[in-house]
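Chains as they are written, first to last, in UniProt numbering: chain X, 1 to 656; chain L, 1 to 656.
Hints in this document: simulated from the structure, not taken from any laboratory. Just so we're clear, the structure is a prediction, and the values are computed from it rather than from any experiment. Treat the hints loosely; a few may be bogus.
As the list makes no split between identical chains, a pair holds if one copy fits it or if it spans any two.
[To be verified] Using 27 Å as the maximum straight-line C-alpha spacing, the simulated DSSO-like pairs for lysine-lysine come out as follows:
| no. | residue 1 | residue 2 |
| --- | --- | --- |
| 1 | Lys-44 | Lys-504 |
| 2 | Lys-639 | Lys-655 |
| 3 | Lys-303 | Lys-260 |
| 4 | Lys-260 | Lys-635 |
| 5 | Lys-516 | Lys-260 |
| 6 | Lys-260 | Lys-384 |
| 7 | Lys-635 | Lys-264 |
| 8 | Lys-303 | Lys-47 |
Number of protein chains: 2
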Amino acid sequence: MPAPLNTMADAIRVLSMDAVEQANSGHPGMPMGMADVAAVLWTKFLKYDAARPDWADRDRFVLSAGHGSMLLYSLLHLSGVKAVTLDSLRNFRQLGSNTPGHPEYGHTPGVETTTGPLGQGLATAVGMAMAERHLAARFGGDLVDHRTWVLAGDGCLMEGVSHEAISLAGRLKLAKLTVLWDDNDITIDGHVGLSDATDQLARFKAAGWAVKRIDGHDFGQIRRALAWATRQDRPSLIACKTIIGKGSPTFAGTHDVHGKALGKDEVVKTRENLGWPHEPFVVPDEIARAWRSAGRRGAKVRKAWEARLAASTLRGEFERAMAGELPKTAFAALDQFIADAEAKAPAAATRQHSGAVLEKIFGEIPELVGGSADLTGSNNTFVKNTPILDAPDYAGRYVNYGVREFGMAAAMNGLALHGGVIPYGGTFLVFTDYSRPAIRLAALMGIRVIHVGTHDSIGLGEDGPTHQPVEHLASLRAMPNVNVFRPADAVETAECWKLALDAKATPSVLALSRQKTAAVRTQPIGENLSARGAYQLAAATKPALVTIFASGTEVPVALAARDLLEAEGIGARVVSVPCFELFEAQPRDYQETLIGETDVRVAVEAGVRMGWDRFIGSDGVFVGMEGFGASAPDKALYKHFGITAEAVAAAAKAKL
Amino acid sequence: MPAPLNTMADAIRVLSMDAVEQANSGHPGMPMGMADVAAVLWTKFLKYDAARPDWADRDRFVLSAGHGSMLLYSLLHLSGVKAVTLDSLRNFRQLGSNTPGHPEYGHTPGVETTTGPLGQGLATAVGMAMAERHLAARFGGDLVDHRTWVLAGDGCLMEGVSHEAISLAGRLKLAKLTVLWDDNDITIDGHVGLSDATDQLARFKAAGWAVKRIDGHDFGQIRRALAWATRQDRPSLIACKTIIGKGSPTFAGTHDVHGKALGKDEVVKTRENLGWPHEPFVVPDEIARAWRSAGRRGAKVRKAWEARLAASTLRGEFERAMAGELPKTAFAALDQFIADAEAKAPAAATRQHSGAVLEKIFGEIPELVGGSADLTGSNNTFVKNTPILDAPDYAGRYVNYGVREFGMAAAMNGLALHGGVIPYGGTFLVFTDYSRPAIRLAALMGIRVIHVGTHDSIGLGEDGPTHQPVEHLASLRAMPNVNVFRPADAVETAECWKLALDAKATPSVLALSRQKTAAVRTQPIGENLSARGAYQLAAATKPALVTIFASGTEVPVALAARDLLEAEGIGARVVSVPCFELFEAQPRDYQETLIGETDVRVAVEAGVRMGWDRFIGSDGVFVGMEGFGASAPDKALYKHFGITAEAVAAAAKAKL
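Next up, chain X with everything else stripped away, as it sits in the complex (with noise of 0.2 Å):
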C-alpha cells in the first residue's frame, strides 16, 4: 500500500522544518501550511518529469510566496529531482548551496523562476501561460500543451503588481494558469485584517477569473478544486484556507511561525504531535518511495511528447526557440538598414529608428513579441499588420499590455523564463521606476527581455519633469547585469538592437529620443561599433587637448562643441559612448586609450553626472543635469538647462 497523503505532506513539514532549525534562518510557516496542497498538486496534478525538470513541455510551478523556498526544494528533493539531495536541503541558506534563502532560478533544477519580492511570482507566471498559449498556437497542441500553477500568500496578493498581472490575465483569458492562494490569514506582522479587508474572491472575479474557495487541509477538496480549474475557460484561483505552520503545536496559526526557526523544543514537540518519530531529514523508505514514484508519473507522457517532436516537421524550428538561438539570417535586413543609414544619414528621433530597426527584423526573428505599456505609438514598438496577442487566438505577437509598467516587465521576465520568446516592451524611460523590481530580477536571473524606453531625457520637452527622465540612465547603470543603451542615430541603433538580442544571458534597456537628432555615422565601418560600449568617433585635427565624452542625442552636440573647439585651434576629440556595460567588458588597453589623456575631458548627456567619473575623471567637466527638468518645448529646455555646444565647449576652454 502506498503512504496516503497525510504522511507525504507530513514530509514537506518535517523537511522543512528541520532544514530551516539547521540553517536557523528562514520561513517555516507556509511550507507546514500548505504541504498538503502542494502534495495532491505534484503527486495527482503537475505535469512533470523529475529526471527531466527542463523538459519543455512540462507544467511550470511558480513559488510566488517565494520566501517559503523550502516547500519547493522539499518537493523537488521528495520527487527524485537528482541535484536536489538531502545534503541540499542539510546546506539550505549557506554559501554556495543550490539551497539559497529564496529560489534562485539558474540554481536549481526545477526553479522556474526567482522569487522573493512579493507579488511579481505571479506577475511573471501570466507570461509563462502566455508563451503557453502563444507557442501553442505556433507549434500547435502537440508539442505545446501544459498548465501554469502558482502558489501565492497572502503579500503576493496585497502588492500592486498582482493586480496588475490579474487583470491582464483576465482579460487575456488564461485559461491554463491557477493559483493557489495560501488563505492563512496571517502575515508577518499579524493578523492579515490588521492591514487589508479586501474580499479576494470578488476581486479576482472582478478582473475575469474563476473562483473557489477551499479547506486546504481537506484532500477531497483540494482534488476536486484541482479538477475544476483544469475545466475552467479562463484563470483560475483557489484560496485554500490553511494553517500557518501546521503541525507546530504551540506557533500554528500564528505570525510566530512565518519566519523562523521553530526552536529546538518546538521541533521535538512538533515531531511528536505529527507522529514523526524519524530522525531530523530522514524519511523513512515507504513515503520516499511513494513521492519518487509521483516524480516519475510523468515520464510516459514526456516520452510521447518527445516522440511527437521527433516525427514533428517543426522539430528544427521548435528546439531552435527553445534554444534561445537566433535564426541565421536574424540579421540579413538590418545589416542593409545599417549600409543605407551609413550613406543617407537620416536625421529622426532615436525612437523612430528603433520602430525602423523592428521593421526590418520582427520578420526575421519569429520569436520577438512585443508590446507597450498603452504608449503603442510614441514608442515605435509596433510593427504594421502585426496580429494582436489576444484570446482565442494567440499566435499574435503584439501585446496591449495596458498601463501596467511593472505587470508589462514581470510579464515579459515570464515569457522570456519559459523559452520561444524574445520579448520586448515599451514605455517612457522614466517609468523604468514603476518596473525596475522586475528589470532587477531580469538581472538577477541572466535573461533576455528588451526594454524600450522612449522620451529618454528632458528633451521630451512639455510634459514635465514627472516625465523627464534625469536620474534614469545613471539608476539602471547602476544594476548589475543589466545593459544600458542609449544610441545616437540609426546606425547605432540598430547595433544596440543587434547587441541586445544576442546578450542571451542580460536583459538590455535602449533608452531613446523624443526627439529628432542628428545622424553621427555616416561612413561604412563594417563592424558593430556600439559593441564596443564606447569608440571614438571623430579624432582632432590637431593635437588633442580635449575629448569629449557623449550619449544618444548629446553626441552630435559634443560633435558641434569640437567644431567650435577646432575652429578655435584647440584639437578636440569625441567619444560616443552608448553602453557603458559593454565599455567596461573591453580589455583595459582598449578602455585606457580610448579615454585617453588630452587635458580637459568632458562629457555631456541630459541626465546626472554620476557613472560618468569614470570616463572624466572626478576633476572632468560633466555638462548636463543637476536637478530636475521642466515643462517647456525641448529646445528651450536645453538652452534653459545649458546644454549645447556653446557651453560644451565654453567649460572645456576654462578648464583649459
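Mind docking chain L on chain X? Use the hints.
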C-alpha cells in the same frame, strides 16, 4: 440669472482646448470629458475659497489623471485663484509659467500634489484623507473637517498602486475620500477593452468601497451622486461615464483627442458645435462672474473656521504643526541619547539604534506618524504602546500599511502634503525599488517624508540576493533632492534622524543595517558631524599615505584596515561618509580638505562603486560589490565578497 452649469462647463472645455492649441501640446480629451463633473463638484460641493487656496481646512482636490492639467488650471483660473491668470493659460507648458504640462505642487496655488505618473494621485490622496481623519482626532472636528476628492482615469485604475491605495483606504474606512473615475472607455492606444476588462465597480466594492455609476454628462445625476458620496461610511467611487473630448464634433469619443491639440479647423468646429462664439481665451462676463461667485462660496465658511481657530486653545499647536515646525523640545531627549551613546559606545544593528532614537523623539514630536509595510519588527519602526491609526479612532500614530511599499510611500507623500503630519515608514532597503516612483515625486515636490530602509546590504545574510541591496544606495543617490543617510552607529543614526527631521523640503532615506556593528563615535563632540555629509573620523598618526572612505557598517571595517596599515607604519586616515548629498552642500574648501591628497584613496561600501569616484577619483581603489549578493550568513558573505579590513589594507598597500 446666473450662467447655467453647461455653459460654465463649456468654459472649461474651451479654455482647455485653446491652451492646448496654443501650446500645440497637451491633453484636451480629459478636461473636455470631465468638465461637467468638475463644474458640479467645484461649484456645489468642493469646500474651498479661491482667495485662500492654502486654507488648512479646505477640501483637497487631486487630479490623479495629471495629463488633464488644463482641467485644473481652468478651474483655478475661473474660480478666481489670483496667480492663475489668463496669461498663465496662454503660457501653458512654457518655460517659467505656473501652468506646466502636468500639475506641479509648489508651482501653482491650488495644486495639492504633483501628478502625471499614473495611479499616484489616487494613492497620495489616500494619505491626505488619512491625515484629515488623524488631525480631526487630534484637534477636533471644529478645526479639521474636510473631504478629499480624486479625479482618476482608466490609467490610474490599471496601475498596480491603485490596488494598494484602494485596499488601504477601504481597510481604514476613509469615508471622506471620493474617487471620480473618468470612465470614458479610452486609453492612449485605443478602446480600454484592448487591454482591460476589469469590472471596476465590483473591484472597488471588494476593497470595501461604496460604488455608484452615473452618466457624467447629466448634471442631476452628478449632483445626486456627489451628495450620496458625502453620506457614505466608507470611501466612495463614482464611475462617471463620459465622452472623452466632448464638444469636438470629429474626435469626441476617440483616442485621437487624448493627447494632442485638436488642430485649427477642429477648434473652429468645436466652437460652433458648443455654440461658443467667443475668441480664444475669452470667457464672457456672465460666465466668468458665475465662476468667481462659486469661487467665493467658501469664504464665509473659511472665515467662521478662522474665528474658531482664533478662539481655540489648540491654536498655537495647530498652527505649529501645520507649518511643519518641530516643537522646541523635539531633540532634548535625543541629545542626551547621543551623549550617552558617545560614552557607552553601544554595539548593535543601526536599525536598532534607529528604534532607540524613535523612542526618544516620538513622544516629543506629536506630528510623527510611523508605519511599516508589514515589517514592523524588522524595521524597528514601532514605538511601544503606540496606538494604531485605524477606524474608528484615527488618533493612533502607527499605520499598518500592509505589504504595500509603493502605496505606503505615496500615502506618506499625502500625509506630508496635507500638513500637520511628519510621516516615516519602513521596509527593507531593497524594496525602495517598489516605492521608488513615490520617492521621486517626494523629491520633485520637495516634501519631508522619511523612508526607513533596513537590511541595507549583503549583511542581511541568508535571505539572499533578492533581498540584498547592492545598487540601491547608488540609485537613490542619483536621484535629485533625496538625502540618503547611511549611519554607522548610534551617534550617527541619531544625527541622521535629526537631519531628516530638519529637512523640510527634502525626503530622506535612512539605510540601516540588519546586523550588529561596532560604535565608531565614542568621543563627545558637541556637533552634528553627519550634517557635513562626510567628516574625518580618525586621523593618521603618522604622515598620511592612505585615506579610507566608508559608510555605515563598513566604517568599522575601514577603522580596522587603518589599524592594520598603521601597524605596518603606513599612515592612514578614515573618513566617514553618512550622506553624499550633504557633503555636496559643503563649502568647496571643506570638501577639498576632507578628501585630501593622500597617495592612495580607498572607499569601502557593501554596494556598487558608482558615485564613489567623487571621493577616490577614477583611479581610486574601491572595495565593495561588483554584482549581486548571495544567500549565506552575513559573515560568510563579507568574507566571500572580500569586504574585510584585510582586503582593504591589502588593496591600499598594493596601490602604494
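Discussion item. With identical chains, the pair Lys-303 and Lys-260 could be close in the same copy or across copies; at 27 Å between alpha carbons, which is it: within, between, both, or neither?
Written reply: Answer is neither; intra-copy 42 Å and inter-copy 57 Å both fail.
Item to complete: Classify it for me, Lys-639 with Lys-655: is the Cα-Cα distance of at most 27 Å met within a copy, between copies, both or neither?
Response: Only inside one copy: Lys-639 and Lys-655 sit 21 Å apart there, 43 Å across copies, limit 27 Å.
Worksheet item: From the Cα coordinates, with 27 Å as the cut-off, is the pair Lys-635 and Lys-264 best called within, between, both, or neither?
Response: For Lys-635 and Lys-264, only the inter-copy Cα distance (24 Å) is at most 27 Å; the intra-copy one is 69 Å.
Worksheet item: Given identical chains, is Lys-303 near Lys-47, meaning Cα to Cα at most 27 Å, within a copy, between copies, both, or neither?
Response: Classified as within: same-chain Cα gap 12 Å, cross-chain 71 Å, threshold 27 Å.
Worksheet item: Taking 27 Å as the upper bound on the Cα-Cα distance, should Lys-260 and Lys-635 be classified as within, between, both, or neither?
Response: between (57 Å within a copy, 19 Å between copies)
Discussion item. For Lys-260 and Lys-384, with the copy left unspecified, which applies at a CA distance of at most 27 Å: within, between, both, or neither?
Written reply: Cα proximity of Lys-260 and Lys-384: across copies only (22 Å, versus 54 Å in one copy).
Discussion item. My question is about Lys-516 and Lys-260: at a cut-off of 27 Å on alpha-carbon distance, are they close within one copy, between copies, both, or neither?
Written reply: Between copies only: 18 Å across, 56 Å inside.
Worksheet item: What label fits Lys-44 with Lys-504 when the C-alpha limit is 27 Å: within, between, both, or neither?
Response: neither (35 Å within a copy, 60 Å between copies)
Hint check: violations occur at hints 1, 3; the rest are consistent with the structure.
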